[in-house]
Amino acid sequence: MNKMPKWADVALIPVINLILALAVSALVIAYIGENPVQAMKIMINGAIGSAYGWGYTLYYATNFIFTGLAVAVAFHARLFNIGGEGQALLGGLGVALVCLAVPWPHWTLALPASVIGGALFGAAWAAIPAYLQAKRGSHIVITTIMFNFIASALLVYLLVNVLKVPGSMAPETPRFPEGARLPTAYDFGAWLGFTRSAPLNVAFFVALACCAGVWFLIWRTRLGYEIRAFGQSEPAAVYAGIPPVKITVIAMLISGGLAGLMAVNAVQGEAERLIIDSVQGAGFVGIAVALMGRSHPLGVLIAALLFGALYQGGAELEFEIPAISREMIVVIQALVILFTGALDNMVRAPVARLFSGFGKGAA
Amino acid sequence: MDLNTVLQLLDSSLRLATPLLFACLAGLFSERAGIFDIGLEGKMLAAAFFSAAAAAVSGSAWVGLAAGCAASLSLAALHGVASITFRGNQLISGVAINFLAAGLTVLIGQNWFKLGGRTPPLQGDARFQNIDLPLASTLESVPLLGPLYSQVLSGHSILVYVGLLSVVGSWYVLFRTRFGLRLRAVGENPGAVDTAGVSVVGLRYAAVLICGLLCGLAGAYLATGLSAGFVKDMSAGRGFIALAALIFAKWRPWSALGACLLFGLLEALGNRFQTVELAGVTLPTQLMQALPYILTVVILAGFVGKAIPPRAGGEPYVKER
Chain A
1 MNKMPKWADV ALIPVINLIL ALAVSALVIA YIGENPVQAM KIMINGAIGS
51 AYGWGYTLYY ATNFIFTGLA VAVAFHARLF NIGGEGQALL GGLGVALVCL
101 AVPWPHWTLA LPASVIGGAL FGAAWAAIPA YLQAKRGSHI VITTIMFNFI
151 ASALLVYLLV NVLKVPGSMA PETPRFPEGA RLPTAYDFGA WLGFTRSAPL
201 NVAFFVALAC CAGVWFLIWR TRLGYEIRAF GQSEPAAVYA GIPPVKITVI
251 AMLISGGLAG LMAVNAVQGE AERLIIDSVQ GAGFVGIAVA LMGRSHPLGV
301 LIAALLFGAL YQGGAELEFE IPAISREMIV VIQALVILFT GALDNMVRAP
351 VARLFSGFGK GAA
Chain B
1001 MDLNTVLQLL DSSLRLATPL LFACLAGLFS ERAGIFDIGL EGKMLAAAFF
1051 SAAAAAVSGS AWVGLAAGCA ASLSLAALHG VASITFRGNQ LISGVAINFL
1101 AAGLTVLIGQ NWFKLGGRTP PLQGDARFQN IDLPLASTLE SVPLLGPLYS
1151 QVLSGHSILV YVGLLSVVGS WYVLFRTRFG LRLRAVGENP GAVDTAGVSV
1201 VGLRYAAVLI CGLLCGLAGA YLATGLSAGF VKDMSAGRGF IALAALIFAK
1251 WRPWSALGAC LLFGLLEALG NRFQTVELAG VTLPTQLMQA LPYILTVVIL
1301 AGFVGKAIPP RAGGEPYVKE R
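The listed protein sequences correspond, in order, to chains A and B.
Per this note's numbering, residue 1 is the first one in the first sequence, and the count goes up by one each step.
Per this note's numbering, residue 1001 is the first one in the second sequence, and the count goes up by one each step.
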């Protein structure tokens, strides 16, 4: 039954799922009374048709690489970390505290410090649900959802009462010192046509490094092997002497840390101060990205680029065709999650049957 | 706090607990049958939009209620197809449904009414009016119980009373009927139910659709009872609070009523007071808002009475061949 070639599993099925999701999205656009083909053209052109578009597409993609990797690492240990949103919020707090604590002389010093700050705070926020799952058997999906809400309440409290600029009404921290400012695409890529408005910054390269790091961790280290073995079968892993509590906690700490790193891009790189909603749903997009990318770093990278283009293209779409509001992105995202995640077997079973039919024919 | 303030607080607690109660009972049916549902929020939101839209167009809250339930039932059916027929991941399906509802309600709302995703404000019969229970004014003068009856219990829309009756109904169906016994069994050990010759798929679909119906009531009450029309994201996390209440209640109908009233009271307190003084310490509003979630984590952690979910929850059932 499961004699499907590997390429069909990693490429064909996600592509069919994506096409189905886009087809239903096209129906929604047609229902609103707009032309789906024209809408698609505007989106593609807006996302990757200019250096301006790329500057935003890659910026969004950077966020989604971090949150997608976070979900993917947890998936390998068969843990569903739905708390990327809260972990990224707390990561923002960590990054902001690091950036504001020291009058940083240069970004090369500020970046490693804020990477550590963001990852530590994100990991810390994942630690309690991880511990409760490992030790007390509390369902991690529910606890991480609850921790998302707790994180958002905590952040509102801190921004309104503690971190706000004295005398200001806006619930946000002061602007980070000049030395903590990360070089943007204009600084390192002006020759590619990037302008000052591009939010893309060096955090993109941190994200790429994380992709490589996660690949190495999962497929080239003992810990990665233990995480995968635990995810495949907990009894087998226990029998092989892999401690389940340790693996659950470590996988979730890595996952939370990766989600927290998103703040290096969004908080330090773009906003340059901590605002109330710095994550803007990227934690949830990470679920779609990890599902589409089959939890492989390369897949996550490609899916994150796709979703980055979707976000930037969607913004352009709303600008060009006001009848299609920004919520269209949310709908497309929902359909991608639905088809690649929940309705996967709907596509997989017929495709598998097709291939087993071929197999028999050849033999 | 004088008696009047307390009465007003209790009155709004009951009002605010009602959508939670419907959604919590919805989750109760679904999860007792072994289908996790984190899409309560989305179903509630879709029901809120379609009930407000239909009520605005038709001028009747009842037409709105029907439309809201129909919308919620379709999303429930989608959840059923994904998680029962295609044995997909129930959690992921729930996440997708939440996003689908969040996006589609605003998109379609903008397309239909051109009000930035809102529906027109509802007036008159397009909303569920408050009704006075019999003898409310006569009994007013009875000490303590009189004001409790006439000011707290009386004077709500009909859906509030439907909500309270649903608790009794859910308890009866789940614990006093053959259907309920089988439904609970399918959430604990679907193999045994299958061996007994009862359709696991049928029972689970029934549970998921009951869940859809109750979420429809929750959403309709939100848009046509509690407020007057739909606004973007108006469910505001209530589906997740309901989920929290369900765990807090350890998947039992009467405890669900208690948990929802408690969380309703917390919301009412947060709405009325900016800060709450307790034993000389000032509690920030954000703590009040986060309290349902914190309490749920504490309960889940099992330090205060362990919450044990239905055993087969989240697992698709594969018939042995």
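Hints were generated in silico from the structure; no laboratory data involved.
Beta carbons: idealized from backbone N, C-alpha and C, even for Gly.
Incorrect hints may appear among the rest.
Cβ pair distances, simulated, as ranges [as the list claims (entries may be wrong)]: (1) A:Val102 x B:Asn1004: 35 to 43 Å; (2) A:Gly357 x B:Ser1058: 20 to 28 Å; (3) B:Ser1255 x A:Gly137: 17 to 25 Å; (4) A:Thr195 x B:Gly1258: 26 to 34 Å; (5) B:Gly1116 x A:Ile276: 44 to 52 Å; (6) A:Val245 x B:Gly1258: 28 to 36 Å; (7) A:Asn35 x B:Val1168: 33 to 41 Å; (8) B:Gly1191 x A:Ile276: 42 to 50 Å; (9) B:Val1142 x A:Ala127: 53 to 61 Å; (10) B:Lys1319 x A:Pro244: 52 to 60 Å.
Quick rundown of the hints versus the structure:
In this structure, Val102 of chain A and Asn1004 of chain B break the distance hint of 35 to 43 Å, their C-beta atoms being roughly 54 Å apart. Checked against the hint of 20 to 28 Å, the C-beta distance between Gly357 of chain A and Ser1058 of chain B comes to roughly 52 Å, which is inconsistent with it. A hinted range of 17 to 25 Å holds for the C-beta pair Ser1255 of chain B and Gly137 of chain A, which are about 20 Å apart. In this structure, Thr195 of chain A and Gly1258 of chain B break the distance hint of 26 to 34 Å, their C-beta atoms being roughly 59 Å apart.
For Gly1116 of chain B and Ile276 of chain A, the Cβ-Cβ distance of about 21 Å falls outside the hinted range of 44 to 52 Å, so the restraint is violated. The given range of 28 to 36 Å is respected by Val245 of chain A and Gly1258 of chain B, whose C-beta atoms sit roughly 34 Å from each other. Hint check: Asn35 of chain A to Val1168 of chain B, Cβ distance near 53 Å, so the stated range 33 to 41 Å is violated. The given range of 42 to 50 Å is respected by Gly1191 of chain B and Ile276 of chain A, whose C-beta atoms sit roughly 49 Å from each other.
Range check, Val1142 of chain B to Ala127 of chain A: about 54 Å between beta-carbon atoms, so the 53 to 61 Å window is met. For Lys1319 of chain B paired with Pro244 of chain A, a C-beta distance near 30 Å fails the hint of 52 to 60 Å.
Violated hints for the displayed structure, listed by number in ascending order: 1, 2, 4, 5, 7 and 10.
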